[in-house]
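Protein chains: 2
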Amino acid sequence: MIKERSLIQQIRRIAASSVNKAVKKGIGDDCAILRLKPGFELLVTTDLCLEDVHFRRAWHSAAAVGHRCLTRGLSDIAAMGGEPLACFLSLGLPADLPQAWVNGFLRGLLALARRYKVQLAGGDVSSAPQITADIVVSGQVPYGTAVLRSGARPGDRVYVTGALGGSAATLKELFAGNAVKPTKSSSNFYPTPRLEVGGYLRKHRLASAMIDLSDGLSVDLSHICDESGVAAILMSNKIPLAKSTDFELALHGGEDYELLFTASKSAKIPSRIAGVAITEIGEIRNRRDYSSAIQILRDNGKVRPLPQRGWQHFARER
Amino acid sequence: MIKERSLIQQIRRIAASSVNKAVKKGIGDDCAILRLKPGFELLVTTDLCLEDVHFRRAWHSAAAVGHRCLTRGLSDIAAMGGEPLACFLSLGLPADLPQAWVNGFLRGLLALARRYKVQLAGGDVSSAPQITADIVVSGQVPYGTAVLRSGARPGDRVYVTGALGGSAATLKELFAGNAVKPTKSSSNFYPTPRLEVGGYLRKHRLASAMIDLSDGLSVDLSHICDESGVAAILMSNKIPLAKSTDFELALHGGEDYELLFTASKSAKIPSRIAGVAITEIGEIRNRRDYSSAIQILRDNGKVRPLPQRGWQHFARER
Chain D
1 MIKERSLIQQ
11 IRRIAASSVN
21 KAVKKGIGDD
31 CAILRLKPGF
41 ELLVTTDLCL
51 EDVHFRRAWH
61 SAAAVGHRCL
71 TRGLSDIAAM
81 GGEPLACFLS
91 LGLPADLPQA
101 WVNGFLRGLL
111 ALARRYKVQL
121 AGGDVSSAPQ
131 ITADIVVSGQ
141 VPYGTAVLRS
151 GARPGDRVYV
161 TGALGGSAAT
171 LKELFAGNAV
181 KPTKSSSNFY
191 PTPRLEVGGY
201 LRKHRLASAM
211 IDLSDGLSVD
221 LSHICDESGV
231 AAILMSNKIP
241 LAKSTDFELA
251 LHGGEDYELL
261 FTASKSAKIP
271 SRIAGVAITE
281 IGEIRNRRDY
291 SSAIQILRDN
301 GKVRPLPQRG
311 WQHFARER
Chain C
319 MIKERSLIQQ
329 IRRIAASSVN
339 KAVKKGIGDD
349 CAILRLKPGF
359 ELLVTTDLCL
369 EDVHFRRAWH
379 SAAAVGHRCL
389 TRGLSDIAAM
399 GGEPLACFLS
409 LGLPADLPQA
419 WVNGFLRGLL
429 ALARRYKVQL
439 AGGDVSSAPQ
449 ITADIVVSGQ
459 VPYGTAVLRS
469 GARPGDRVYV
479 TGALGGSAAT
489 LKELFAGNAV
499 KPTKSSSNFY
509 PTPRLEVGGY
519 LRKHRLASAM
529 IDLSDGLSVD
539 LSHICDESGV
549 AAILMSNKIP
559 LAKSTDFELA
569 LHGGEDYELL
579 FTASKSAKIP
589 SRIAGVAITE
599 IGEIRNRRDY
609 SSAIQILRDN
619 GKVRPLPQRG
629 WQHFARER
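Chains D and C are the protein sequences, given in the same order. Residues 1 to 318 in my numbering are what the first sequence spells out, letter by letter. Residues 319 to 636 in my numbering are what the second sequence spells out, letter by letter.
Worth flagging that the hints you see were computed from the coordinates, not collected in a lab. Treat the numbers as computed from the prediction; the structure is a model and nothing was measured. Hints are not guaranteed to be accurate.
[What the hints assert, rightly or not] Below, in silico cross-link-like pairs of lysine-lysine (DSS-like), each with a Cα-Cα straight-line distance of 25 Å or less:
1) C:K339 x D:K37
2) D:K203 x C:K342
3) C:K556 x C:K586
4) C:K355 x D:K21
5) D:K24 x C:K355
6) C:K342 x C:K435
7) D:K203 x D:K265
8) D:K24 x C:K342
9) D:K203 x D:K37
10) C:K561 x C:K502
11) C:K342 x D:K37
12) C:K355 x C:K521
13) C:K583 x C:K521
14) C:K561 x C:K499
15) C:K321 x D:K172
16) C:K556 x C:K490
17) D:K184 x D:K172
18) D:K37 x C:K521
19) D:K268 x D:K203
20) D:K184 x D:K117
21) C:K339 x C:K435
22) D:K172 x D:K238
23) D:K268 x D:K238
24) C:K521 x C:K586
25) C:K355 x D:K203
26) C:K583 x C:K620
27) D:K37 x C:K355
28) D:K21 x D:K117
29) D:K37 x D:K117
30) C:K502 x C:K490
31) C:K435 x C:K355
32) C:K556 x C:K583
33) D:K37 x D:K24
34) C:K490 x D:K3
35) C:K521 x D:K24
36) D:K181 x D:K243
With the sequences and hints as input, model every part of the structure.
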């Protein structure tokens with residue numbers, strides 16, 4: 001049986017190895033204390049990671065669950081162009097969960113934290129009927145430079161990093177009962193938050209709007225359209241497909257954790273940033289000219305509205 | 319059935335009524351953006367609030383659950399002497415939960431948020447087998463002035479705010495199957511975070527160490543002792559008892575959300591701060607002179623070690 005106090009002591013001990021100098025006080029008091037650089041503002045994001053909703057113990061190793069959990073938060077920091085500083089983990093665990101699972105989860109989470117100099121600086125633990133993790137990531141960005149969802153303008157081009165649909169393709173195999181070997185490069189098991197790309201775009205003021213692809217291209221692009229008051233048209237033949245996926249999964253599959261951004265037509269967008277391919281996939285249009293937020297130009301030359309069919313937790317149970 | 323997108327829209331709409339000017343960007347982007355006052359550092363705390371662990375639907379109204387949930391976080395900010403700025407709510411909900419419950423929960427949480435000018439600035443929603451809430455509160459405090467658990471020194475006096483054991487007494491009645499009328503002044507249903515007291519103590523540099531009483535006096539005082547490397551002696555006849563409680567519940571019952579602090583012998587501690595009674599209950603001693611962290615001077619004049627028997631989630635299921 002996992003004891004609350006010994007679990008906190010375990011987490012505190014291993015968290016000491018992930019250090020960021022912005023953290024003045026980590027685990028061990030009522031609050032953590034962080035000091036931002038002068039002229040910087042704070043970014044905060046929180047993401048739930050629940051057993052049988054966001055992962056399955058039979059499919060995802062404990063280390064992969066820990067990695068995925070932190071990636072969700074880091075990817076949100078990347079989508080603002082920010083620099084992550086610290087994370088906070090609220091963990092609800094079944095009383096009969098093996099200690100080895102907890103160890104693996106923390107190992108996966110903290111390996112990723114160390115890679116980006118993110119300090120585990122606090123959290124909470126409790127018993128719970130199923131594994132319940134809520135990850136909070138705080139980061140910083142110079143005053144007024146965060147890239148919002150609301151800055152896309154008609155005429156801007158739409159870009160994505162990497163390739164899409166890989167994570168959903170893996171999930172489809174798992175649902176079909178097929179064995180999938182989890183590799184460190186698998187976007188479903190070990191997704192990479194695009195922090196270097198997001199930081200580059202912010203620093204060079206290249207992106208007019210940005211979001212991370214967690215729910216799927218069709219849903220996440222609609223968020224940019226809604227917040228910016230614009231429409232978008234996607235070119236189906238430009239969308240970069242991951243290996244072993246298909247077009248529908250690339251459009252609607254979630255959890256790719258790539259970045260989707262817009263940039264003015266005149267912006268010089270490199271074809272690769274920090275080793276990651278950048279692909280132009282569409283264009284921002286006037287919202288009033290279209291009946292729905294997103295249109296897609298199919299290979300047959302026809303333009304059709306694209307429905308939003310990405311991940312919606314309450315709409316279906318996984 | 320609760321839909322994820324409409325739930326987010328509902329929360330975003332009603333959260334707009336709780337405004338704090340530190341929040342530059344609230345709900346509606348990948349991260350919230352907060353700007354601290356120059357010369358201030360950031361406080362962050364996270365607290366889980368889980369059905370059947372921290373509350374029961376049969377005992378606690380939805381509004382009381384929302385209030386209690388935010389109190390947990392605000393009380394941690396109070397215990398550092400901080401000023402709360404924003405909160406973030408991660409919410410996992412069963413698919414069959416009535417919308418009325420969600421409305422009541424948000425009403426209770428946001429009424430408390432407005433009272434302290436705390437803006438609901440972000441979060442996450444998901445489906446979950448049981449009601450799962452994780453509340454994050456961020457606040458600020460001038461550089462280097464946060465009151466830690468680690469500052470208690472031998473000779474310091476030990477103080478508490480308010481009266482103890484009231485929340486546990488209510489819980490005991492509920493466990494016994496007795497009806498308890500939830501009033502707005504009940505510490506179990508509507509606990510008050512002691513933000514004014516914590517802020518006063520910090521501003522006047524009166525407290526050497528501070529913690530909030532969430533797990534119970536015996537456990538929370540042991541945290542101050544452990545972090546400060548000291549022991550403490552409590553005077554049993556000085557401990558302020560809430561109405562209808564007993565001495566054991568005052569020592570070991572959790573969820574009072576009063577503040578426990580230490581101050582040098584020479585510090586002038588008012589008998590009331592912001593209308594709340596302050597009571598001296600003990601003294602800090604050298605740790606090496608005692609076999610355990612906390613001793614208690616009983617009415618019979620005998621000094622005995624006080625075991626830690628407060629709330630420990632993994633030790634027992636409520």
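Checked hints:
1. C:K339 x D:K37: Measuring from Cα to Cα gives roughly 20 Å; hence the hint holds.
2. D:K203 x C:K342: 20 Å, holds
3. C:K556 x C:K586: Measuring from Cα to Cα gives roughly 18 Å; hence the hint holds.
4. C:K355 x D:K21: 20 Å, holds
5. D:K24 x C:K355: 17 Å, holds
6. C:K342 x C:K435: 14 Å, holds
7. D:K203 x D:K265: Satisfied, since the Cα-Cα distance of roughly 18 Å is no more than 25 Å.
8. D:K24 x C:K342: Holds, at about 24 Å.
9. D:K203 x D:K37: 16 Å, holds
10. C:K561 x C:K502: 15 Å, holds
11. C:K342 x D:K37: Since the Cα atoms of K342 of chain C and K37 of chain D sit roughly 17 Å apart, the hinted pair holds (cutoff 25 Å).
12. C:K355 x C:K521: Roughly 16 Å separates the two Cα atoms, so the pair holds.
13. C:K583 x C:K521: Roughly 18 Å separates the two Cα atoms, so the pair holds.
14. C:K561 x C:K499: 14 Å, holds
15. C:K321 x D:K172: 24 Å, holds
16. C:K556 x C:K490: This hinted pair holds, its Cα atoms lying about 23 Å apart.
17. D:K184 x D:K172: With Cα atoms ~19 Å apart, K184 of chain D and K172 of chain D stay inside 25 Å; holds.
18. D:K37 x C:K521: 24 Å, holds
19. D:K268 x D:K203: 14 Å, holds
20. D:K184 x D:K117: Distance ~19 Å between K184 of chain D and K117 of chain D Cα, so the pair holds.
21. C:K339 x C:K435: 9 Å, holds
22. D:K172 x D:K238: 23 Å, holds
23. D:K268 x D:K238: 18 Å, holds
24. C:K521 x C:K586: Holds, at about 14 Å.
25. C:K355 x D:K203: The hint holds at about 24 Å.
26. C:K583 x C:K620: 23 Å, holds
27. D:K37 x C:K355: Answer holds: K37 of chain D to K355 of chain C is near 12 Å, not above 25 Å.
28. D:K21 x D:K117: 9 Å, holds
29. D:K37 x D:K117: 16 Å, holds
30. C:K502 x C:K490: 19 Å, holds
31. C:K435 x C:K355: 16 Å, holds
32. C:K556 x C:K583: Holds - the C-alpha atoms of K583 of chain C and K556 of chain C are around 17 Å apart, at most 25 Å.
33. D:K37 x D:K24: Between K37 of chain D and K24 of chain D the Cα gap is close to 13 Å, so the pair holds against 25 Å.
34. C:K490 x D:K3: 24 Å, holds
35. C:K521 x D:K24: 20 Å, holds
36. D:K181 x D:K243: 14 Å, holds
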